Amino acid sequence: MDFEYKKVTPADDDFIELVRELSASLEAITADTGEGSFAAEAFDADQDGCLVVYADGVAVACGIFRYQAEGVCELKRMYSKQPGAGTYLLQQLETYAAAKGYCQVLLSTRRVNQKAVGFYLRNGYHETQAYGRYLGVARSVCFGKTLLG
1 MDFEYKKVTP ADDDFIELVR ELSASLEAIT ADTGEGSFAA EAFDADQDGC LVVYADGVAV
61 ACGIFRYQAE GVCELKRMYS KQPGAGTYLL QQLETYAAAK GYCQVLLSTR RVNQKAVGFY
121 LRNGYHETQA YGRYLGVARS VCFGKTLLG
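Quick note on UniProt numbering: the sequence shown kicks off at 1 and runs consecutively.
Keep in mind that the hints were calculated from the coordinates and are not lab data.
No experiment lies behind these values; they were computed from the predicted model shown.
Careful, some of the hints might be misleading.
Unchecked claim - Below 30 Å or equal to it, Euclidean Cα-Cα: the simulated BS3-like pairs (lysine-lysine) are:
{"no.": "1", "residue 1": "K145", "residue 2": "K81"}
{"no.": "2", "residue 1": "K7", "residue 2": "K115"}
{"no.": "3", "residue 1": "K115", "residue 2": "K6"}
{"no.": "4", "residue 1": "K76", "residue 2": "K100"}
{"no.": "5", "residue 1": "K145", "residue 2": "K6"}
{"no.": "6", "residue 1": "K81", "residue 2": "K7"}
Stated by the list, open to error - Estimated spans, in silico, between C-beta atoms of each pair:
{"no.": "7", "residue 1": "R139", "residue 2": "D2", "range": "36 to 44 Å"}
{"no.": "8", "residue 1": "G84", "residue 2": "L135", "range": "32 to 40 Å"}
{"no.": "9", "residue 1": "Q104", "residue 2": "R139", "range": "31 to 39 Å"}
{"no.": "10", "residue 1": "V137", "residue 2": "E4", "range": "22 to 30 Å"}
{"no.": "11", "residue 1": "D44", "residue 2": "Y131", "range": "13 to 21 Å"}
The beta carbon of each residue, even a glycine, is placed where N, CA and C say it ideally should be.
Using the sequences provided together with the hints, build the complete structure.
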């Protein structure tokens, strides 16, 4: 399957629809939509990035990265509903983040979301210290990855 991506903002209709699907999926898995950890209005196009992935013109995956600290970004609202699209999306987000000067990526997911945990481990992420709002939150697991420049 060939995928293509589009750089968008969180106000993009396809991004909004995919995030709705993500929220419903997360609520079914974790009893929490995850919406509380992301504010679309805080998006800063100068330092953040937002992508939607398409297969045959249909939106199938989305994700965003945002500034966390100097040289460090955080992945948020990663979602894929088609095999292969998530890996493609992650690769594109990492490339986009590196182009914006980031050298490290952080993220958090719920421990109970074993599909996400396995996905990040398969894609070169390693468990790391909790950060920010995830400090002391036992239900969350944090991952990190160094981007190759």
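Each hint tested on the structure:
1. K145 with K81: Given that 30 Å is the threshold and the Cα spacing comes to 23 Å, the pair holds.
2. K7 with K115: With Cα atoms ~26 Å apart, K7 and K115 stay inside 30 Å; holds.
3. K115 with K6: holds, 25 Å
4. K76 with K100: Holds, at roughly 16 Å.
5. K145 with K6: holds, 23 Å
6. K81 with K7: With a Cα-Cα distance of about 18 Å, the restraint between K81 and K7 holds, given a limit of 30 Å.
7. R139 with D2: 36 to 44 Å: Check passed, 37 Å falls within 36 to 44 Å.
8. G84 with L135: 32 to 40 Å: Given about 34 Å between the Cβ atoms, the range holds.
9. Q104 with R139: 31 to 39 Å: About 24 Å separates the Cβ atoms of Q104 and R139, which means 31 to 39 Å is violated.
10. V137 with E4: 22 to 30 Å: violated, 36 Å
11. D44 with Y131: 13 to 21 Å: Taking Cβ atoms as reference, D44 and Y131 lie about 19 Å apart, which means the hint holds.
When the structure is compared with the earlier hints, violations turn up for hints 9 and 10 and for no others.
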